[in-house]
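Sequence lines, in order, name chains A and B. Quick note: the first sequence, position 52, residue 66 per the working numbering, numbers continuous. Quick note: the second sequence, position 339, residue 353 per the working numbering, numbers continuous.
Take these hints with a grain of salt, some might be off.
For chains that are exact copies, the list does not tell them apart, and a pair is met inside one copy or across any two.
As the list claims (entries may be wrong) - Listed next, the in silico DSS-like pairs over lysine-lysine satisfying Cα-Cα at most 27 Å (straight line):
| # | residue 1 | residue 2 |
| --- | --- | --- |
| 1 | Lys245 | Lys692 |
| 2 | Lys307 | Lys245 |
| 3 | Lys691 | Lys203 |
| 4 | Lys317 | Lys19 |
| 5 | Lys699 | Lys558 |
| 6 | Lys281 | Lys555 |
| 7 | Lys615 | Lys311 |
| 8 | Lys200 | Lys671 |
| 9 | Lys19 | Lys245 |
| 10 | Lys157 | Lys671 |
| 11 | Lys311 | Lys616 |
| 12 | Lys281 | Lys307 |
| 13 | Lys311 | Lys207 |
| 14 | Lys245 | Lys647 |
| 15 | Lys200 | Lys616 |
| 16 | Lys307 | Lys157 |
| 17 | Lys157 | Lys281 |
| 18 | Lys558 | Lys207 |
| 19 | Lys558 | Lys245 |
| 20 | Lys307 | Lys615 |
| 21 | Lys615 | Lys200 |
Calculated from the structure, these hints are not laboratory results.
There are 2 protein chains.
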Amino acid sequence: WDWIKSGHDAWSGWLCVFLVGVIAGAFAGMIDIGTSWMSDLRFGICPEAFWFNQEQCCWSSNETFYDGDNCSNWYSWPEVFGHEPNGAGAYIISYIFYILWSLLFASLAASLVMMFAPYACGSGIPEIKTILSGFIIRGYLGKWTLLIKSLGMILAVSAGLSLGKEGPLVHVACCIGNIFSYAFPKYGKNEAKKREILSAAAAVGVSVAFGAPIGGVLFSLEEASYYFPLKTLWRSFFAALVAAFVLRSINPFGNEHSVLFYVEYNKPWIFIELVPFIILGVIGGIIGMLFIKFNIKWCRFRKTSLMGQYPRLEVLIVTLITAFIAYPNPYTRMNTSNLIYLLFSQCGVANNDNLCDYQRNFTNVNTAIEIAAAGPGVLQAVWLLALALIFKCVVTVFTFGIKVPCGLFIPSLAMGSIIGRLVGIGMEQLAYNYPEWAVFAGECSTGENCITPGLYAMVGAAAVLGGVTRMTVSLVVIMFELTGGVRYIVPLMAAVMASKWIGDAFGREGIYDAHIILNGYPFLDSKEEFSHTTLANDVMKPGKNESFYVITQDSMTLDDVEQLLRETDHNGFPVVVSRQSQYLVGFVARRDLNIAISQAKKTTEGIVGESIVLFTSSVPSPWMGPPPLRLRKILDLAPITITDHTPMETVVDMFRKLGLRQTLVTHNGRLLGIITKKDVLRHIKFLESEDPESVLFN
Amino acid sequence: WDWIKSGHDAWSGWLCVFLVGVIAGAFAGMIDIGTSWMSDLRFGICPEAFWFNQEQCCWSSNETFYDGDNCSNWYSWPEVFGHEPNGAGAYIISYIFYILWSLLFASLAASLVMMFAPYACGSGIPEIKTILSGFIIRGYLGKWTLLIKSLGMILAVSAGLSLGKEGPLVHVACCIGNIFSYAFPKYGKNEAKKREILSAAAAVGVSVAFGAPIGGVLFSLEEASYYFPLKTLWRSFFAALVAAFVLRSINPFGNEHSVLFYVEYNKPWIFIELVPFIILGVIGGIIGMLFIKFNIKWCRFRKTSLMGQYPRLEVLIVTLITAFIAYPNPYTRMNTSNLIYLLFSQCGVANNDNLCDYQRNFTNVNTAIEIAAAGPGVLQAVWLLALALIFKCVVTVFTFGIKVPCGLFIPSLAMGSIIGRLVGIGMEQLAYNYPEWAVFAGECSTGENCITPGLYAMVGAAAVLGGVTRMTVSLVVIMFELTGGVRYIVPLMAAVMASKWIGDAFGREGIYDAHIILNGYPFLDSKEEFSHTTLANDVMKPGKNESFYVITQDSMTLDDVEQLLRETDHNGFPVVVSRQSQYLVGFVARRDLNIAISQAKKTTEGIVGESIVLFTSSVPSPWMGPPPLRLRKILDLAPITITDHTPMETVVDMFRKLGLRQTLVTHNGRLLGIITKKDVLRHIKFLESEDPESVLFN
């Protein structure tokens, strides 16, 4: 039995992350299926089986070929009402149904969030970063949040809002991680251990969001987690693998690849293309920076103005505007993931979108694609894409922050891939029209197409996402897991670096850090260097002329202690030898003190207000007066201490690396004061000339 | 000017890693070219230009087609001496030349290492791990090591020994990192900062070794580095990118891909194949575990026996045996990288090795490869591969540890890919002979080849390398960057996990950790959990009945202090208020004390042996006697302290995360003792019932 018990102890971590992986994979699969069905519902219905989406509906029909959007089994809304599928009347009916369904989905999502789980709104990543740094937000990872976030995500994405389900999937996975950790006492009862599970869950979230297990692990390492021990790396890897595998088995994308936007390009990139790639990076950095700036301004405005009081109305207005503008443009009407996939792909025989309307004819499937002049379709597509880009940029600023679950990855990727595709088409036509230029001489002289606009879309997508989130390594890995383009690491890296540098030059925080600051979460950034010359002495409480609350080890009565508890709201008190000497003995937490006192009153006889509270190990004899209250067992005899001359740089480092909540400050062994995490955060804010009082703390 | 200075300060880190990347890339390119030339020299020579290797020699000839090994420009050794290129006589001449060249190269390598840079031997990774954990080995990363290691690596690989150049390349890159860090005072003068550069350099090393930049960063994170801040992640990424790019520009592999073993498989893997993949993982784990065990035993035997005194003789014997056995078998005669590449690839039209001698005919290039019975060539190849496997396994145990630069990655990959290929061929023939089995029913029923033996080789290679090094995430990433097989993450992950679990079940250390323990380096493993219940009190010095050397702040004379310095060899001394009270004031390092005293004797008048050494800030007045020696400025007023009741778990954690060298132990503000890193390491050894005295310390 002991053997089983110790085995269970050793394996419980693995079992827990395994379960998290399986369940999160299943959730992601269901969410994908739900989203796909509901999105298609805006366009039409499958009368034979209304729970089929368009693709499944057409599969179930016997037609082996159906062209693009139409198969006889699938009825678009005008058809349902007996109209012709084409013509002005049908267009208006479709338009109206599109808007109505969108409004319905969005209002449902907003109502669910508001009524059942207010924490389910937003992307959740800023909060998860804060939780992983050691802060506790009760209920943030509960089962209601899980349920409502999953449902709300399906509804919000189906409403055609400019948002993605990637960030929320991380939140969902963390909820699952949190819920399962309670099944394993080793993890459920220890916050630090639980954070290991949550780190793995964050990796699982990205893994299922993109089908990118390694990218997920790196995301957890780079962006989400605060302290990431190597053991966690290995477990996260396992969990991400399991989740990706479960999702692949459910196969919501309906193809054999386990990657979301699988693309293959015929040609490798050529050296000179690094120039447009870096330019894309710069553009991505600028867009990301502007996006963060405007979004934060808008969110701050929402907080302070009347608008914040009508979140449901805001959701409806944003949805109405989005749907109204999105429908006429085919590139915004379609699913954002489909748009990204379309932009990433290269033009081949099968692709009959306007984007591929080149003046070339495919006589032989096997010959390489030749470079060709753009046809009128391409020119039209370019205009529509430019309009789509402007629309996406503006509407996403207003969308990120409304009270529905909403992620930023997909909209950022969409913006980036539009820019990239436009630049790519430009480069391609340049190479077609001026093949004699030295820069094109080598590769383009054969008449083959040496420029792949789809690759530019991929690089642009990475650049904008990099500019918005300031992720680096994890982003590159996600991008190439996403696309299967292992050959294109160098272009991706170059663009992401350019984007990050440009973004950082204008404002150091990514969107998630900016939202953490906006919301005033107590997050001690582990990336920023603290290089000020202040000493612990300058930061510690009490400052000058403030009183310091300590407990002496053998001279305070129960009444004294209870008075102290009433008068202050500190989380704990240092215990010293005597008030005169102030030599430090230990630290006692308020919670333990409360419990011990109330228990002692119940169980021990003779405890009265005048009883001495004793923290020493032995009772001095002979003892006079009422029986003492002996509390040595609740005393933390090993509090972390520093001296008053310790530079704050070291102190901040200790808070980060050891995950401290407070440290005691001594001088020659005497207690001088205390520094809490709140004091450190306030001090940093103060040094950065921001308002120190904006730091929240539970 | 100030602006330039602060700019330089901010950018110096980036500039430094950029330079490291460029130079390491160039070094790797030169090493690759040198190795390829020298390896071919064992087989023949290019009379027109002796500095050409076989491939270049044949390129320069005008024959557009040449079959495999022969072109008229390249003369094999029998041809040089006027023999027929075929026949028994020619075979013997080739054999002898092969052995002679191997011996020449190996003895040159061994002599260079012994004469100029004894640190250049081995893989270097255990030492780099130790250095990155905070230990300093003078000269280990110097310019002589760099030069001799680069040269020796070329020679050792060319000698056909069963070793790779991947580990040594990490060492070379770290040497370059160390040398460049001196050009930037911010990094050269601060050991902690320098380690950031070295972490990036380790990433660069793997990046150039495999053309795998992301894998390199993860290797540095998972395996090499001890403390890896996120800033370092981003810089390592940049450096690895630059290095990979420089190497790609030099293009030593002579193909357009930036990956070493580029393979593309036609078919995705099928679910049932996970079973053989996991079996491969288990085999890999067992082989890795056995390899570590035997290699460590042999190295320990070498250390204690006479043999250790004749390292050059040992190198020659190993080389002679390797060359003698390797030549007759074509799979061991060829370059190990070529062998791995051959085993990874799938059989197509162009591949005319015995391994691809199937009973199929390629009438049409475009049709899929059908499954077919193995021909006699395959059966012969299987036997030869099995022999090669046994040979490699045995000889590598004796090779790793001889006094030449030698890495383990390539031999491990070679062993693994042989096993994998064998299993793969077995599975393939099983599917061919029993297509009606349920497990093969789905994918294999079409007559296409559903089993790719090359994929098995890849999975097997990852499994054995995982078993030997116990790398996880980084290994999977390196493998798929290496092969470009992004689709095959799940099989790779499954095999690596199985391998790691099996390996860990029998012995927790990977080969590098085992060598760290063997050599007694003071390395505090950050992966192992320390879960004993001892307290700081039990570990600290002085123990019972030992004397404790402290300095008082205002009562010891210069003579007392100098006597203390003579009598002890501690690196530093705590300073206390008085010998009676023992309240801690600060900590003073021996080095600072020595310098301050000798300076004071020179510059300050009136300092005699009876002068009081004062660490207080003010001189008590009136002062009597000779002028005091005031040393407050060298006193560290912020030493890290803990209480005697602190659990050792916390203490170990602090040592790891804060990179401490010692911590002072107090009780109620009074100094009780000191715990140094050495004490911690000894205590861990003691708890693991190993010899505590085997810990080295400079």
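Same-copy or cross-copy closeness of Lys19 to Lys245 [CA-CA at most 27 Å]: within (21 Å within a copy, 41 Å between copies)
Within a copy, between copies, both or neither: where do Lys281 and Lys555 come within 27 Å Cα-Cα? neither (64 Å within a copy, 67 Å between copies)
Same-copy or cross-copy closeness of Lys200 to Lys671 [CA-CA at most 27 Å]: Answer is both: 22 Å inside a copy and 23 Å across each meet the 27 Å cutoff.
Is it within, between, both or neither when you check Lys615 against Lys200 at 27 Å Cα-Cα? neither (32 Å within a copy, 61 Å between copies)
First find the shortest C-alpha distance between Lys157 and Lys671 inside one copy, then the shortest across copies, and answer within, between, both or neither for a cut-off of 27 Å. neither (31 Å within a copy, 35 Å between copies)
How would you classify Lys307 and Lys615 at a CA-CA limit of 27 Å: within, between, both, or neither? neither (57 Å within a copy, 61 Å between copies)
With identical chains, the pair Lys691 and Lys203 could be close in the same copy or across copies; at 27 Å between alpha carbons, which is it: within, between, both, or neither? within (22 Å within a copy, 32 Å between copies)
When no copy is named, should Lys307 and Lys245 be tagged within, between, both, or neither for a Cα gap of at most 27 Å? between (37 Å within a copy, 24 Å between copies)
If the cutoff is 27 Å on CA atoms, where do Lys317 and Lys19 land: within, between, both or neither? Let me know, please. This pair counts as neither: shortest intra-copy Cα distance 51 Å, inter-copy 42 Å.
Intra- versus inter-copy proximity for Lys616 and Lys200 (alpha-carbon distance at most 27 Å): Intra 31 Å, inter 62 Å, cutoff 27 Å: neither.
Is it within, between, both or neither when you check Lys699 against Lys558 at 27 Å Cα-Cα? within (20 Å within a copy, 48 Å between copies)
Indicate which option fits the pair Lys281, Lys307 if close means a Cα-Cα distance not exceeding 27 Å: within, between, both or neither. The answer is neither: 38 Å in one copy and 47 Å across copies each exceed 27 Å.
Consistency with the previously given hints fails for numbers 4, 6, 7, 10, 11, 12, 13, 14, 15, 16, 17, 18, 19, 20, 21, ordered from lowest to highest.
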